[in-house]
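Protein chains: 2
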Amino acid sequence: MSVDRNSTNWCGWGWQASRYDFKGHRDYFLSWIGARLGVDALHTSTPPVSPESIELPATRLTDADLQALSVAAGGADAMTTAPRARLLRALGRSLPDLLRLRRGDLPYAPDAVVLPASEAAVAAIMQLCREHDWAVVPLGGGSSVVGGIEPIDPRGRPVISLDMTRMCAMVSFCPQDRCATFQAGIYGPDLEATLAQKGWELGHVPQSFEFSTLGGWVATRSSGQQSNQYGDIADMVVSCRVVTPEGIVATWNGPVSAAGPDLDQFIAGSEGTLGVITEVTVHIHPKPKTHKINAVLFPDFALGSAALSDIVGAGLRMSYMRLSDEVETETYLKMSGPKLIQDMGLSALRVLGYGENKCVALVGTEGDPETVDREVGEAMAIAKRHRGLSLGGGPAKNWHRDRYMHPYMRDDLLDAGIATETHETAVPWSRVAAVREDVRASIHSAVKAQGLKAHVFAHLSHSYPTGTCIYFVLMYPVDAKDSIGQWKPIKAAICDAVVRNGGTISHHHGVGLDHKAWLVHEKGVAGMKLMAAACKAMDPTGICNPGKLLDT
Amino acid sequence: MSVDRNSTNWCGWGWQASRYDFKGHRDYFLSWIGARLGVDALHTSTPPVSPESIELPATRLTDADLQALSVAAGGADAMTTAPRARLLRALGRSLPDLLRLRRGDLPYAPDAVVLPASEAAVAAIMQLCREHDWAVVPLGGGSSVVGGIEPIDPRGRPVISLDMTRMCAMVSFCPQDRCATFQAGIYGPDLEATLAQKGWELGHVPQSFEFSTLGGWVATRSSGQQSNQYGDIADMVVSCRVVTPEGIVATWNGPVSAAGPDLDQFIAGSEGTLGVITEVTVHIHPKPKTHKINAVLFPDFALGSAALSDIVGAGLRMSYMRLSDEVETETYLKMSGPKLIQDMGLSALRVLGYGENKCVALVGTEGDPETVDREVGEAMAIAKRHRGLSLGGGPAKNWHRDRYMHPYMRDDLLDAGIATETHETAVPWSRVAAVREDVRASIHSAVKAQGLKAHVFAHLSHSYPTGTCIYFVLMYPVDAKDSIGQWKPIKAAICDAVVRNGGTISHHHGVGLDHKAWLVHEKGVAGMKLMAAACKAMDPTGICNPGKLLDT
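For the protein sequence lines, the chains are A and B, in the order given. Positions 1 to 552 (my numbering) are the ones given, in order, by the first sequence. Positions 1 to 552 (my numbering) are the ones given, in order, by the second sequence.
You may find that some hints are simply not true.
Below, a list of computed lysine to any residue pairs in the SDA-like style, where the Cα atoms sit at most 20 Å apart [unchecked claim]:
hint, chain 1, residue 1, chain 2, residue 2
1, A, K287, B, K529
2, A, K292, B, G315
3, B, K292, B, M380
4, A, K23, A, G393
5, A, K488, A, T420
6, A, K529, B, K536
7, A, K529, B, Q127
8, B, K397, B, H25
9, B, K529, A, A123
10, A, K529, B, H25
11, B, K536, A, A533
12, A, K536, A, I152
13, B, K289, A, E378
14, B, K292, B, W399
15, A, K536, B, K529
16, A, K529, B, S239
17, A, K536, B, A532
18, B, K287, B, M170
19, A, K536, B, T541
20, B, K529, A, A532
21, B, K529, A, I152
22, B, K289, A, L316
23, B, K481, B, S50
24, B, K448, B, V473
25, B, K529, A, M528
26, B, K536, A, S347
The following label-pair restraints were derived from C-beta to C-beta distances [as the list claims (entries may be wrong)]:
hint, chain 1, residue 1, chain 2, residue 2, range
27, B, S430, A, P369, 25 to 33 Å
28, B, V171, A, G392, 44 to 52 Å
29, A, M170, B, T46, 51 to 59 Å
30, B, G353, A, R401, 50 to 58 Å
31, B, S445, A, P286, 38 to 46 Å
Partner residues aside, some chain A positions facing chain B, computed with beta carbon under 8 Å [as the list claims (entries may be wrong)]:
hint, residue
32, A258
33, I505
34, S506
No lab work stands behind these hints: they were computed from the structure. From the three backbone atoms N, C-alpha and C, an ideal C-beta is built for every residue, glycine too.
Make a model of the complete structure from these sequences and hints.
Laid out in structure tokens, this is it:
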């Protein structure tokens with residue numbers, strides 16, 4: 001596997017050794033954002049505690065329990081209670097997770113970690129857990145930002161973290177059917193490297209790509225940055241296998257069926273509550289020969305949004321398409337330091353009508369050169385009708401190079417006392433403006449209620465003919481005394497505003513513990529009942545990732 | 001609504017007044033098919049009984065029951081027990097349905113028919129049925145070919161047929177979101193006419209288009225003839241509303257969500273077992289400006305199949321794409337009479353390698369003229385690489401003109417003592433050859449076991465990058481003494497062969513009563529359990545279309 005968890009940052013994003021470099025303009029950006037928030041970020045230092053200082057709660061399993069678990073998991077090296085192993089699986093990577101970890105404030109940790117290497121071992125673990133009434137929390141990379149892998153059980157039973165990352169093999173490869181089957185614990189880079197050797201590709205690249213797994217993508221209905229071309233992970237799933245306490249659900253392996261409900265689409269998004277996804281067959285495509293991404297400047301967000309809608313509406317499958325709002329546009333300019341801003345000739349642009357409300361979009365695709373040229377050309381023509389001004393390929397190159405780096409920035413900013421939270425939703429096109437206004441206003445109001453200032457920006461990505469994803473980022477000064485108590489009302493204000501405007505509580509992050517209270521707005525009371533009944537049929541004693549997604 | 005059920009053929013397809021005309025070559029075709037089957041079809045006449053001679057079982061509802069039902073449904077004109085109304089909803093339009101109707105052999109009929117005009121009326125009917133423990137069988141056009149609307153209850157309770165066709169209004173139209181919401185009982189032509197007035201289109205055209213409804217399409221996961229471009233109905237659904245005994249399931253109205261399982265994809269294919277679909281929001285598109293369809297001749301089925309796979313694999317969204325196998329190709333030539341065969345210069349083609357195994361395909365699309373020309377050109381270039389020979393647009397025009405007419409032929413052939421059965425499945429591309437061989441051999445073997453001969457042909461339609469639908473047609477001489485007893489082992493032989501080769505038991509017809517026994521091969525024991533639990537949560541007393549899809 002590509003990720004040795006021991007080399008990852010125990011209290012932050014990604015590799016222990018990696019940091020966001022701000023392109024050398026850290027001080028410039030910290031000064032700017034500090035001024036926006038009314039704090040001296042540049043001279044604030046709030047480092048995390050030392051991991052060695054954290055005392056985890058003792059495991060509640062007996063030696064005999066652990067021995068049985070080890071046998072079920074496949075041997076001594078497939079089970080551990082080592083403190084660092086438990087610590088690394090005690091929380092995901094949401095803002096409150098980072099806040100807790102950095103303070104060393106960990107009320108829970110898995111009672112044991114198992115690392116099965118086969119579906120048979122997963123089934124044996126599941127059987128043992130059912131017999132002993134232990135909860136099972138499956139995880140891949142553990143990058144959940146919604147409280148999806150917390151090793152806690154509302155009923156207080158012991159919790160086993162089931163780490164799938166040893167199950168990382170390609171099981172079959174069938175170019176004739178444009179399909180490949182993988183064990184679910186394979187990380188993104190390993191999956192793509194395996195396919196690339198044969199000239200093929202999946203094309204699913206969420207921002208967590210390097211630190212998340214196929215099974216995790218399916219369990220949470222993940223979307224990749226190129227979803228406009230290749231679809232979301234739920235579109236890519238051809239079939240899958242799930243080990244549940246009541247046996248294995250193996251879905252039909254074929255293109256389309258009218259034989260009853262689509263079980264793949266019930267498993268996608270089940271977040272471990274049905275059981276453990278062990279194997280997934282995905283739709284693959286030959287590796288594209290080239291890609292081309294243009295940056296486009298719009299006078300304002302409404303024009304950019306209309307352009308994106310028209311591009312997807314025209315059936316153009318742009319694999320890269322995102323639109324930063326005016327605040328995100330300004331923020332990225334500041335992150336690039338003072339030089340670029342001069343280079344861009346902003347005053348000249350202002351004269352042309354691209355002033356304070358200007359928004360940058362990226363529009364591009366990949367494939368064979370001729371198709372790419374034609375489709376990007378058509379998309380640019382549509383953009384131009386909405387006053388889109390081409391900035392060429394330069395800014396897009398920077399974005400493409402840095403596209404997995406932004407999560408690291410959260411840690412750098414936390415070191416300077418600034419919290420970065422994200423929240424994404426999807427709405428029909430007709431609600432984009434309203435949901436953006438309401439969420440922004442709700443955030444500012446919730447942070448102001450704490451006597452503080454917030455910095456809020458947003459972008460559109462993952463656009464569809466019928467609507468789009470809108471992704472919010474907010475920054476605010478951390479209250480060191482009660483960072484979780486401070487975060488909760490802000491998060492609630494965002495979620496309330498999202499559902500008030502008809503948005504989904506998550507377009508691609510999932511539900512977990514953090515969004516659960518808002519799910520009923522979207523599924524309805526009857527819909528929640530349907531989902532709960534299906535989960536209960538597979539998991540009668542509620543041991544599968546209890547408390548996530550649904551109340552159990 | 002476009003269909004007055006009283007003007008439809010009580011024991012056959014479509015309009016009472018319409019027949020398949022065989023383009024004037026009825027005698028020629030009957031002679032040919034008779035010779036293939038070893039019978040004198042031309043001089044056989046087996047007309048149906050008179051509908052007036054059929055005695056339906058008496059309704060089991062009391063006058064007070066009927067009065068209560070009438071009130072719930074919305075008044076005297078929303079409830080009926082008239083014999084013709086009950087007869088017209090007693091069976092669908094499968095081959096065994098036609099065989100039963102033609103013999104006047106009707107062991108059951110709905111105890112009453114209700115025709116609600118609002119969701120509130122549907123909910124009131126559902127409430128009353130739950131209180132009285134009556135079964136509810138929803139239907140739209142009633143064109144099921146899998147025993148989907150049979151008004152029988154395995155537990156012997158009275159059965160109400162709930163006819164949705166009075167609920168046929170457009171509820172909302174939002175071009176900005178490329179969506180429209182309709183009441184579920186709207187027929188295909190009415191839906192498209194409503195959208196066409198505004199310059200828009202849904203583009204879902206199953207062969208049953210004229211006699212089926214939006215709600216029926218969703219309940220059965222229908223596919224239209226243009227699914228390669230616009231998707232199957234399950235892809236078009238943005239949200240829907242279902243009246244269940246436990247309340248209304250209203251799914252989220254937006255493009256894509258990661259908030260738990262996708263309930264739309266559980267409702268699609270639920271076949272009335274969760275409740276009654278009352279409203280559906282669908283993704284629509286501007287009406288295309290033009291279409292272009294070419295016929296292409298391939299030397300054999302394998303080459304044609306490879307061409308279709310490469311066309312979808314290249315990302316070309318051909319709205320029309322089907323490939324007849326060699327027997328279907330020959331059969332359609334015979335249906336066109338003797339003249340066309342000469343015209344086509346078959347002997348010249350034979351010299352070029354297009355002999356007995358030649359297969360005709362249709363390849364085309366719709367949209368703006370420039371895109372259509374380019375995409376059809378690219379598809380034809382791919383076809384050519386597989387030795388596809390363009391026959392131009394002529395043959396395709398005939399197919400396009402007749403595309404809703406073929407179901408009428410079943411009735412003409414039944415009049416001459418010949419049964420026509422259809423069965424469709426989908427498989428990954430790698431299994432197309434095997435499933436075709438096995439299903440064909442199984443049919444010939446099952447019919448031969450009865451001392452008779454069969455005529456079997458097939459075509460590919462609804463192709464996907466990962467696989468394709470394969471649609472079988474078989475003709476055999478009807479055993480007038482026991483036509484149902486004769487049909488059952490033939491149907492079973494087909495279904496066995498399909499699942500033996502990894503095919504779905506239905507790509508777009510559904511499950512109903514007829515395919516139910518084979519569903520477990522596809523969903524597995526655990527999957528069946530999951531579905532049953534979800535249905536039971538919405539319908540604890542099992543009154544919703546009982547016995548279809550699942551055992552209840």
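Taking the hints in turn, this is what the structure says about them:
Proposed proximity of A/K287 and B/K529 is contradicted: the alpha carbons are some 39 Å apart, above 20 Å. Annotation: proposed proximity of A/K292 to B/G315 holds, straight-line Cα distance about 18 Å (limit 20 Å). Proximity of B/K292 to B/M380 is assessed by CA-CA distance (about 12 Å); at most 20 Å being required, the pair is judged to hold. Our distance criterion of 20 Å between C-alpha atoms is met by A/K23 and A/G393, whose separation comes to about 19 Å.
Of the pairs offered as hints, the one joining A/K488 and A/T420 holds, with about 14 Å between alpha carbons and a cut-off of 20 Å not exceeded. With a CA separation close to 10 Å, the supplied pair A/K529 and B/K536 stays within the 20 Å bound. Proximity of A/K529 to B/Q127 is assessed by CA-CA distance (about 18 Å); at most 20 Å being required, the pair is judged to hold. Of the supplied pair hints, the one linking B/K397 and B/H25 holds, its CA atoms being roughly 19 Å apart against a limit of 20 Å.
Taken as a hint, the B/K529 and A/A123 pair is honoured in the structure, with Cα atoms around 18 Å apart against an allowance of 20 Å. A hinted pair counts as satisfied when its Cα atoms are at most 20 Å apart, and A/K529 with B/H25 does not qualify at roughly 58 Å. Distance hint between B/K536 and A/A533 is fulfilled; the C-alpha atoms sit about 8 Å from each other, no more than 20 Å. Annotation: proposed proximity of A/K536 to A/I152 holds, straight-line Cα distance about 18 Å (limit 20 Å).
With a C-alpha separation of about 18 Å, the suggested pairing of B/K289 with A/E378 holds against the 20 Å cut-off. A distance of roughly 13 Å separates the Cα atoms of B/K292 and B/W399; the hinted pair therefore holds under the 20 Å criterion. The hinted pair formed by A/K536 and B/K529 meets the criterion: a straight-line CA distance of about 10 Å does not exceed 20 Å. A C-alpha spacing of about 18 Å is found between A/K529 and B/S239, which places the hinted pair at or below 20 Å, so the restraint holds.
Distance restraint check for A/K536 and B/A532: the Cα-Cα separation of roughly 12 Å lies within the 20 Å cut-off, and the hinted pair is therefore satisfied. For the proposed pair B/K287 and B/M170, the alpha carbon gap of about 17 Å is at most 20 Å, so the pair holds. For a cut-off of 20 Å, the pair hint linking A/K536 to B/T541 stands: about 18 Å separates their Cα positions. As the CA atoms of B/K529 and A/A532 are separated by approximately 14 Å, the hinted pair is consistent with the 20 Å bound.
Distance hint between B/K529 and A/I152 is unfulfilled; the C-alpha atoms sit about 28 Å from each other, more than 20 Å. For the proposed pair B/K289 and A/L316, the alpha carbon gap of about 17 Å is at most 20 Å, so the pair holds. With a C-alpha separation of about 18 Å, the suggested pairing of B/K481 with B/S50 holds against the 20 Å cut-off. A distance of roughly 17 Å separates the Cα atoms of B/K448 and B/V473; the hinted pair therefore holds under the 20 Å criterion.
A threshold of 20 Å between alpha carbons decides the hint, and for B/K529 with A/M528 the separation of about 18 Å falls inside it, so the pair holds. Taking the CA atoms of B/K536 and A/S347, the gap is about 66 Å. The hint is violated against a cut of 20 Å. Checked against the hint of 25 to 33 Å, the pair B/S430 and A/P369 passes, with Cβ atoms roughly 30 Å apart. With their beta carbons about 46 Å apart, B/V171 and A/G392 fall inside the hinted range of 44 to 52 Å.
A beta carbon spacing of about 58 Å between A/M170 and B/T46 agrees with the range 51 to 59 Å that was offered as a hint. Hint check: B/G353 to A/R401, Cβ distance near 53 Å, so the stated range 50 to 58 Å holds. Here the CB-CB span from B/S445 to A/P286 is close to 41 Å, well matched to the stated 38 to 46 Å. About 4 Å separates the beta-carbon of A/A258 from the nearest beta-carbon of chain B, less than 8 Å, and the hint is met.
Satisfaction of the interface hint for A/I505 is found here, the shortest Cβ-Cβ separation to chain B being roughly 5 Å, below the 8 Å cut-off. For A/S506, the interface hint holds, the least distance from its beta-carbon to any beta-carbon of chain B being 5 Å, beneath 8 Å.
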